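If you're matching them up, the sequences are chains A and B in order.
Using the working numbering, read the first sequence as starting at 36 and increasing by one per residue.
Using the working numbering, read the second sequence as starting at 945 and increasing by one per residue.
Incorrect hints may appear among the rest.
Label pairs and their computed distance ranges (CB to CB) [unchecked claim]: (1) 91/A x 1039/B: 24 to 34 Å; (2) 229/A x 951/B: 33 to 43 Å; (3) 1224/B x 55/A: 45 to 55 Å; (4) 285/A x 1117/B: 37 to 47 Å; (5) 1047/B x 324/A: 38 to 48 Å; (6) 1117/B x 141/A: 46 to 56 Å; (7) 1117/B x 162/A: 40 to 50 Å; (8) 346/A x 1117/B: 31 to 41 Å; (9) 1117/B x 146/A: 54 to 64 Å; (10) 137/A x 1224/B: 41 to 51 Å; (11) 1047/B x 55/A: 42 to 52 Å.
Source of the hints: derived by calculation from the structure; they are not laboratory data.
Just so it is clear, the structure is predicted and the values come from calculations on it, not from any experiment.
All residues carry an ideal CB built from backbone N, CA and C; glycine is no exception.
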Amino acid sequence: MYVEMKNIYKQYGNFTASNNVSFGIEQGKLAALLGPSGSGKTTLLRMIAGLETPNSGDIYIDGQRVNDIPAAKRGIGFVFQSYALFRYMTVYDNVAFGLELQKMPKDQIRTRVMELLEITGLSGMEKRYPNQLSGGQRQRVAFARALAPRPHVLLLDEPFAAIDAKVRTELRLWLREVVTKLGITCIFVTHDQDEAVEVADQIIVTNHGEIEQVGTPFEIYKSPDTPFVAQFIGKPSVVEGYDALNGFDAIEGAKRAIIRPEFVKISRLGKLERFMSAAEEGIVEDVVFRGNHLDVTINIKGISVIGEWSLEKDTLEIGEKVNVLIYRLYIIDEQQNRTYLCENKEMQEEDIFYI
Amino acid sequence: MTEQEKLERQSKRTRMILIAVSVLFIFLMLVVPLAAIVVNSLKEGFGFYIQAITTEYVRNALKVTLIATIIAVVVNTFFGICAAWLLTKFSFKGKQVLATLIDIPFSISPVIVGLAFLMTFGRLGWTYPAIRAINQWLGTNFRIAFAIPGVVIATIFVTFPYVSREIIPVLNAQGKDEEEAAALMGAKGLKIFFKITFPQIKWALIYGIILCTSRALGEFGAVNALSKTRGETFTLPLEIDALYMSGTDVSITSAFAVSSILVIIAIIIMVVRNILEHRSNKKMEKGEA
Ligand SMILES: Nc1ncnc2c1ncn2[C@@H]1O[C@H](COP(=O)(O)OP(=O)(O)OP(=O)(O)O)[C@@H](O)[C@H]1O
Ligand SMILES: [Mg+2]
């Protein structure tokens, strides 16, 4: 592990912002800290950078305990949520600032700054002040400034939050590319799961100052460890009394379950070709246009389930009866803080029958 | 008439009313009295005016005023910046108490301040034995009360909050991000201050210095308690008061003439500030590549 946090506690007064946090990131990997607002993401990032001191616990970078090493000596580049560009300095001076502090000769500074402005697509803007740049350009100046002193670790606090959706996608891919090319270990904070899934090698899910789960985007998505993760990732509908549904049995102590749209197949009444015995009959309650598909809410025995409906097919009407097949669901046990993945057992039995 | 037009017309009317009220107020409260000074000071002719502002007393008062003002502004700028920086960028116990203490000069009448200093440094004051001992030891005759040091100290006290009060809101509003970014890259305290913080507070600081200067130039109450000798420790406001109080037509005209010196200094300060601001705005705009 290149960057590692071990049993970190952080208190603000009597509020616990980080509660026994441990995780590690391998060298050259891109990790995302993903969690709701106020879950302690920024706090973790600031402790790694040395802008905040944990009350207890150890932080390691490259095998060395850095708790007592000042922020400036940790070899870290930091991109602030607000960018924190030096507003009274030109773009050039912003990027050159860290290099000047390293006492690098002037001509080398010039070469390095120009190189970075080139990489970030800001050539020709070196004489501008931050207030003369667009949001995306400011963002890239912040990147260039953080990268200039060749940090080993790059930390980014919600780097794309203030940028419009289209530019955001470009910048994400760009970040991926740059980080991979330079071989920097990178941690970025986000509360946008699409961003985390798309960019990160590893996702660290935070909630109430604790780590809920660490894993690849696939693992987080496929097998959420805790009820929180199951409810946070994807587009979950929470259902009560899930054992009323065909093919699912109750688990002792677990009252609720999570169903994602991709677990649900909706068919027109009587048009379902297989697994008739596993299917349910439901009534369309609501239809919402989502751009490239429809979100359809269906009432099955009093349980509301959301599924997707292709725009290619004739649209469903509210009140229409449909067949619904639920492939699987996550049963969540809040007491034990666990989730169970349950496949529709009627479907499996029928599967075997067919084979 | 559409709703839009109605709204526009209404807001136009509001603007006109506000402008009229402001202009009228400024005219009555500021322009008329200042004009009165000019008119009155030239009542006996220009020759008399020059004579009135160049008497021995006035020249000495101007000197004392300038000394007190310059020292007060320098001292208060330095401590004002330190206090503001401390209060906004660090957290520590007793911060609120310190913030309140800084404001004390705003809430105490200058006359009381003057008396307080008199009771501290005067013949009856508790520091008097120490001062006397030092004077005996060095063979000097150094005094604070009824001497220039007393005038200076009183001026410093009365004008203390102006600089810090102007900068603190700006420092608070800007947050610590830029400083933190600079510190992460390895910048140290003073470097951060001069490269990052100072440019942010520059205008507030200049404004604070101007307020501090104006207040120092005009200080009357506190200085009045600590200064008793015309032609030696009198400042311009005291001299003006003395001239006015002697009550003859001639001396009242002289009082106005001397007052005009303070008005002229005030105008010069404002002009200088505007030139500086204008220049710096231009420089920022030139960044356009
Ligand atoms: N300096 C501070 N003093 C007191 N409480 C703080 C301080 N900084 C953060 N907190 C608290 O710690 C918690 C975690 O804050 P943090 O900024 O780490 O959240 P976050 O996950 O980054 O949220 P967001 O997504 O909204 O930025 C919050 O409840 C916040 O109120
Ligand atoms: Mg945050």
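Verification of the hints:
1. 91/A x 1039/B: 24 to 34 Å: 26 Å, holds
2. 229/A x 951/B: 33 to 43 Å: Holds, since residue 229/A and residue 951/B (Cβ atoms, about 42 Å apart) stay within the stated range.
3. 1224/B x 55/A: 45 to 55 Å: Taking Cβ atoms as reference, residue 1224/B and residue 55/A lie about 51 Å apart, which means the hint holds.
4. 285/A x 1117/B: 37 to 47 Å: 57 Å, violated
5. 1047/B x 324/A: 38 to 48 Å: 59 Å, violated
6. 1117/B x 141/A: 46 to 56 Å: Given a distance of about 34 Å, which is not inside 46 to 56 Å, the answer is violated.
7. 1117/B x 162/A: 40 to 50 Å: 27 Å, violated
8. 346/A x 1117/B: 31 to 41 Å: Given range 31 to 41 Å: violated, Cβ gap about 49 Å.
9. 1117/B x 146/A: 54 to 64 Å: 37 Å, violated
10. 137/A x 1224/B: 41 to 51 Å: 30 Å Cβ-Cβ, so the 41 to 51 Å window is violated.
11. 1047/B x 55/A: 42 to 52 Å: 44 Å, holds
The structure fails hints 4, 5, 6, 7, 8, 9, 10 (numbered hints given earlier, in ascending order).
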